[in-house]
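Guided by the hints, dock chains D and Y onto chain S, whose structure is given.
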Amino acid sequence: MTQLALVIDLNVCVGCHACVTSCKEWNTSGSAGFMTDENPYGKDPTGTFFNRVQTYEVGEFPSTETLHFPKSCLHCEDPPCVPVCPTGASYKRKEDGIVLVDYDKCIGCRYCSWACPYGVREIDETQKVMKKCTLCVDRIYDESLPESERKPACVLACPTNARLFGDVHDSESEVSVTIREEGGYQLMPEWGTKPANHYLPRRKTRMHIHEDELQRADNPLKKEQRGPSAPVSEPTLDDSTSW
Amino acid sequence: MHPAFSVIFLTTLIGVGQGMFLALFTGQSYSAVELLPMQDSHNFYGNGAIIALLFLIGGLIASFFHLGRPERAWRAASQWRTSWLSREVIVLPILMFFVFVYGVMHYFDLDATLFTADTGAQLELSLVIATFGMIATFALFICTGMIYACLKFLQEWASPLTVINYTLFGTASGFMLATAFANHSAPELMRFYGIWTTIITLAALATRVASLIRNSRLKAKSTLQTALGVRHNRIQQKSMGFMGGSVNTRDFFHHASLVVFKSIKWIFLVLVFPLPLLLLWIGMNDSNTNMLLAAFVVQYVGLIAERWFFFAQANHPQNLYYQTV
Amino acid sequence: MSVVHDPLKAPEGRIETKNTTCYMCACRCGIRVTLRDGEVRYIQGNPDHPLNKGIICAKGASGIMKQYSPARLTKPLRRKPGTDRGDAQFEEISWDEAFSIMEERLAHLRNTDPKKFALFTGRDQMQALTGLFAKQYGTPNYAAHGGFCSVNMASGMIYTIGGSFWEFGGPDLDRAKLLVMIGTAEDHHSNPLKMSLSKFKRNGGRFISVNPVRTGYSAIADEWVPIKPGTDGALFLAIIHELIRTGLYDRDFLVQYSNAAELVSTDEQSDDFGLFVRTDIARDPDCFDPQDRVWWDRTTDKAVHARTESSDPYLLGEFVTADGRKVKPAFQLLKERVDNYTPEWASEVTGIPVETIKRLAYEMGITARDEKIELPIAWTDVWGKDHETITGNPVSFHAMRGLAAHSNGFQTIRALSILMSILGTIDRPGGFRHKAPFPRPIPPCAKTPKSPDDVKPNTPLNGMPLGWPAHPNDLFVDDKGEPVRIDKAFSWEFPLAAHGMMQNAITNAWRQDPYPIDTMLIFMANMAWNSTMNTVGVREMLNDKDENGEYKIPFLIVCDAFQSEMVAYADLVLPDTTYLERHDVISMLDRPISEYDGPVDSVRIPVVPPKGECKPFQDVLVELGSRLKLPAFTREDGSRKYRDYPDFITNFETEPGSGIGFLAGWRGKGGEKFLKGEPNPNQWEMYEKNNCVFHYEMPKSYQYMRNWNRGYLNWAQEHRMLRYAEPINIHIYSEILMNFRLAAQGKLDSKQPPNHLRKRIETYFDPLPFYYEPLESHLTDKHKYPLNAVTQRPMAMYHSWDSQNAWLRQIHTYNYLYVHPSTAQQQGIEDGKWMWVESMHGKVRCLCRYSEAVEPGTVWTWNAIGKAKGAWRLDGDANESEKGFLLNHVISEELPPHAEGEHISNSDPITGQAGWYDVRVRIYAAADDEPQMSYPQFDPMPALPGTGRTNKVIKFFAGMFQKKAG
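Protein chains in written order, with our numbering: chain S, 1 to 243; chain D, 1001 to 1325; chain Y, 2001 to 2966.
Because the hints were derived from the structure by calculation, they are not lab data.
Warning: the hint list may mix true and false statements.
Stated by the list, open to error - Over 10 Å on every C-beta distance to chain S, these chain Y residues come out as not near it, computed from the model:
id: 1; residue: V2003
id: 2; residue: Y2042
id: 3; residue: P2070
id: 4; residue: D2113
id: 5; residue: S2190
id: 6; residue: R2206
id: 7; residue: S2347
id: 8; residue: W2510
id: 9; residue: D2513
id: 10; residue: E2882
id: 11; residue: H2903
id: 12; residue: V2953
What the hints assert, rightly or not - Okay, the calculated beta carbon distance ranges per label pair:
id: 13; chain 1: S; residue 1: R203; chain 2: Y; residue 2: K2747; range: 56 to 64 Å
id: 14; chain 1: S; residue 1: D78; chain 2: Y; residue 2: L2008; range: 22 to 30 Å
id: 15; chain 1: Y; residue 1: L2008; chain 2: D; residue 2: A1112; range: 44 to 52 Å
id: 16; chain 1: S; residue 1: H210; chain 2: D; residue 2: R1231; range: 53 to 61 Å
id: 17; chain 1: D; residue 1: R1250; chain 2: Y; residue 2: P2931; range: 24 to 32 Å
id: 18; chain 1: D; residue 1: I1094; chain 2: S; residue 2: N161; range: 50 to 58 Å
id: 19; chain 1: S; residue 1: D104; chain 2: D; residue 2: T1116; range: 51 to 59 Å
Predicted model only: the values in this text are computed from it and were never measured.
Note that the Cβ used here is the ideal one computed from N, Cα and C, for glycine as well.
Okay, chain S solo, but in the shape it has when bound (with noise of 0.2 Å):
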């Protein structure tokens, strides 16, 4: 059984947000369109966002870690959002794991929202229905795109390859070597959700200096040493012995 699902490289997210926006131009004018913005030009500008990227500070000074931590659907294997759902407009695909609302049946009641730990779903203001990652589900079946480009907008953009996109039920997919080699992990384990989307921490390269790599036998400085240099004029033994 496939299950589609990102895995974010906390390791190389920048912070860019081009997987915020390049979300949304994608998504405003597709299936999940529009998707509305109050205030655009005024106080509070607010607008529906399927993904969006925080900051964190971890630590101290000077021993700060700076986080930039994306957040979108994660797209959960058991998604608390689904069975609380009254009209059946939450739902997951069983073809390939995709949480998704049918915005024909939604009613806006928003308990979908209350029941998702990660708060990733959106109700959009105007639509009055709620809204969500898809995925980019319009995208990754739509043949008249070029293969390579069936991925979610946001992979497509992220600058630093961040965003991983692939099935995880697939062991041999590259989500899932990536998962199990770079230590994968999933948001909020405790509540059982089984999110399919995962992240990938931050891991360090360091470099260890030996001692004696600071010396060494071709040290440019030992070229830089000059020989006995007294001029040949200057008096030695020649100028007192004659043997």
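Just chains D and Y, lined up with the frame of chain S:
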């Protein structure tokens, strides 16, 4: 959570309706076994059922204000297998149906005796209907409570106390109203209802205090560490990715100051319990309908505060992601 | 269960896709634009584009909201008579009227005194055209934004290694093992850098970021080294000290490819003190480094012609030549220079622990030495020696404005370039690599005019408006040594101001120093807001009148696509198009997007028609040039030569028959040539067919060591990228700088500085890098103003451009001042509360945000998020104006009066780079009873005629949006 007034009114109003109906059912049951004098069908049970029904309708109307697309509300009945909300949507009209039938039977004196015991006790058809209604009432209490109690990561809600509180508060407020109503339409039942009201209110006090104590001792299962998957003791959010607010900041935070938040707790603890009980007992002693109605109104206002607090106190784990603009 | 809403069903509509080039920032990624029913539906990175390979950033993906922004200007406007500048009271006029006004005015000035016309442009990406226009017009008063951006980075490196970061070169992260990023925030070559950073990290590279602040790229560094702003030079010098002390430098590289071993006369009595000892090989008189130096051979122990086959010179020591002169190798002088720059000393200056400084040096040195890369690529050096391989020392650096925007930036960047050079990393795999048309000779050949006589009525300027002085005689000064340009670039105040000094244009024009300006044309530069220091003052200058009631700057023309703060001050407003509506060229004559492997240029081709009466600025210039009959735009019979800008691009040649035009690709009649070739009438179509980009991948053997690569140099010469196919040796010791110093000392027979500037020139034109405290810090009471204040550009916002963008402004709606908690708490400032930040020039009330990711002696904020009320078509109560703030209010464009003058620009004394990051501040809490609003506030700017409606809700759905809007 952000206390949505549509939901506050929905739950408190149908609670009154359910409680009122339970009071009627209780009264008639006692009468059926001749523990209480039989009341006038039209004036008491008929009008009483109308009052209960009005509250239920009021709640239903309030619920529509919560929906973004109320015209599709009919779809909400489809997921009864999994969704407590769907079940509530089914049970509420069923209850209303029984209350309606019950009311009609009494109001138009259409009741029929099904069975008369040797003792002279009679089983009326209306009581059978009312029994179904009673079952529906409790089912509705359970559905309503479970809507909240089933959200396991909303730890303040995920407890049997939530269902119990919903049940007791609804029942208490309904009985309170029934007391006032009885004083007006069936004075001999007033004290019966008054005493039950007192008992139920005190029980509600006990369970609500229990839930307050429980909630104050809760240790959040989710932390910023589990939310981000970062193992460090000191993590601080610096940006939530937007600055003008979003559904995440609007729907999941009460936005009240700590002072307001704490005051509302004390306000509801006073308005739901001691003050209405005091008014109730004054009203009972004086057989003063206005005083009894005041007791109901005070308690109802208190319940609005209680429900506000119930939502506000619930700390959604998503809030971990939305702490700093 | 049946699904009602089919999630796979594509909405109806006519779909088209077109390629062009992004312009949401200066990165210039290739984009593919999908239109639905003529409306922009999706902008994605073009996967076939060499620069961004399909990726796109937050800004690029928000182009839709720029295209349909209500802040767009759509009509030419004239300031209403009787209203003041800044009131933003305008009336619509036609383009005909606008052109007549300009033609009349500019023709008169050109006939009388062309320097009274000044043209200054922002981040325009068309300096080849704007520069050409200025030159043809005959005014010296032209510059783009480089003076306040990063000219120090360009010139500090170009005067040392013949290339620079970003457009002209960068770190080879494909091959590097260690990357040290310093003074780089979130920008500058942003998408390619993001791409390569990620790849670099995944390949196991070690990434160290040196920065006062840890955000953006620094966030993913393996190690963050916080540093005090403006002290980077001290760090580099200490690292150089440590590398030389321990012998961790690439001796062979330095000997052959730099002037490290070349002998410098150290005899103070001799005429050539401080200059290289030369043999009597004939010199090419023009502009380039003659190969006539000597070094001291180790074997024969005497001076020999440098790079004599089989000789091996000393890098260290002191020698006496046959004629009795004391001489030292340049490297010896460098060693002596850094002797006192110990890690212990640098630690005090930079705030970095001694051990860290040493470790940084060792990590660099050991990685460079022990992780050598050998590529099996045979090449021949310029001296004729064949090499079987290319060697690389895989230590890369990347630096930007954090180093540049200090008044000690040039010498700091010289130090960085020298550090990169002694590690042996220049144009080698894993190190720094050039991008065409770089490397250039040191310095590049382009020169400005040299005297006021080069500016004549009705005559093109005799020289380039911007250039690279190599000698005091190259300065653009009058007989008294006073500046000829309004911004005083290329004068003794700022001799190497290679990018001009736009930051001084308005202040000087207002003060009429050195002379008054009549008409100033500002193109896409927000000089009344974030593109100026002393913003309040500059706004007053723009509106200031003399005793006769005439404006001090009589006529201001502003061309912009949006209702910016600057537009409010215009007398005439020209509505520019967006990038999706016009033709553009990313030209080899300007700053192309070349890759390490070869030259790349690109174009924009309109994907949607211009809105309203918007006209591309290039077309405006071509039209004006034709009306003014500037030679380049006119046939011999006086008729106009070019129909419009695309026609100009196709047919223009730098000189008749030169074969060099704005575009390098598909030249020649049939498009069979590149770089050089006759005009091709179908050139635009060929670009269009090829993703709007031309990329020539050079043979592998030309891709490295280009300063000294015979194959490459010959090829570049043949294709007219270079005039000389001579080696471009690294200037460890800068004789160019020394010549200026000698002039200041009166020891050089050349143009002489005015006396009050002699000391300044002598001090700062040091042939070896040195550290000095930034000028403003030096003149500030640091006890009173103990903190540094800097800004950074966020990744999701380009300067002030995007507050009109409904999506991007949700990410950065207002800004905080980030302060370390301990620093804030000392002043009783609470997190999230209002506070003041004050310098000796002014103060700003802003919101405080605690941060553990900032060095405690520094406060910082995002640049240009704060806006003036009503500007950019935002509501009067928009967060940008009420909670956002601009740090520019506390930064001055001029230094306090001191020995060198009353009105000396707050800039690097060598290059004129604006010292944005030098400001010193103090902070304190705002009182509880103060308004909860940023300070200063400005009167609201009204909506300009022709701008759009600002709806309360946007429901953008491509194909339906404008229909609904009517």
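Checklist entry - Is the hinted range of 53 to 61 Å satisfied by the C-beta distance from H210 of chain S to R1231 of chain D? => result This hint is violated: roughly 31 Å between Cβ atoms.
Next on the checklist: Just want to verify: P2070 of chain Y was marked as not at the interface with chain S; is every Cβ pair farther apart than 10 Å?
Outcome noted: violated, 6 Å
Checklist entry - Is the hinted range of 50 to 58 Å satisfied by the C-beta distance from I1094 of chain D to N161 of chain S? => result Holds: the Cβ-Cβ distance is about 55 Å, inside 50 to 58 Å.
Item to check | Outside-interface status for Y2042 of chain Y - nearest CB in chain S farther than 10 Å | outcome: violated, 6 Å
Checklist entry - Could one say that the CB atoms of D78 of chain S and L2008 of chain Y fall in the range 22 to 30 Å? => result Check passed, 25 Å falls within 22 to 30 Å.
Checklist entry - For D2113 of chain Y, is the shortest beta carbon distance to chain S beyond 10 Å? => result It holds; D2113 of chain Y is separated from chain S by about 44 Å at its closest Cβ, greater than 10 Å.
Next on the checklist: Against the range 51 to 59 Å, how does the distance between the Cβ atoms of D104 of chain S and T1116 of chain D compare: consistent or not?
Outcome noted: The hint (51 to 59 Å, Cβ to Cβ) holds, given that D104 of chain S and T1116 of chain D are roughly 56 Å apart.
Checklist entry - Closest CB-CB distance from V2003 of chain Y to chain S, is it above 10 Å? => result violated, 5 Å
Checklist entry - Does the no-contact call for V2953 of chain Y survive, Cβ to all of chain S over 10 Å? => result violated, 5 Å
Item to check | Least C-beta distance between W2510 of chain Y and chain S, which was stated to exceed 10 Å | outcome: Answer for W2510 of chain Y: holds, closest chain S Cβ roughly 33 Å.
Checklist entry - Honestly, do R203 of chain S and K2747 of chain Y meet the 56 to 64 Å range at C-beta? => result holds, 57 Å
Item to check | Consistency of beta-carbon spacing, A1112 of chain D to L2008 of chain Y, with hint 44 to 52 Å | outcome: violated, 58 Å
Violated hints for the displayed structure, listed by number in ascending order: 1, 2, 3, 5, 6, 10, 12, 15 and 16.
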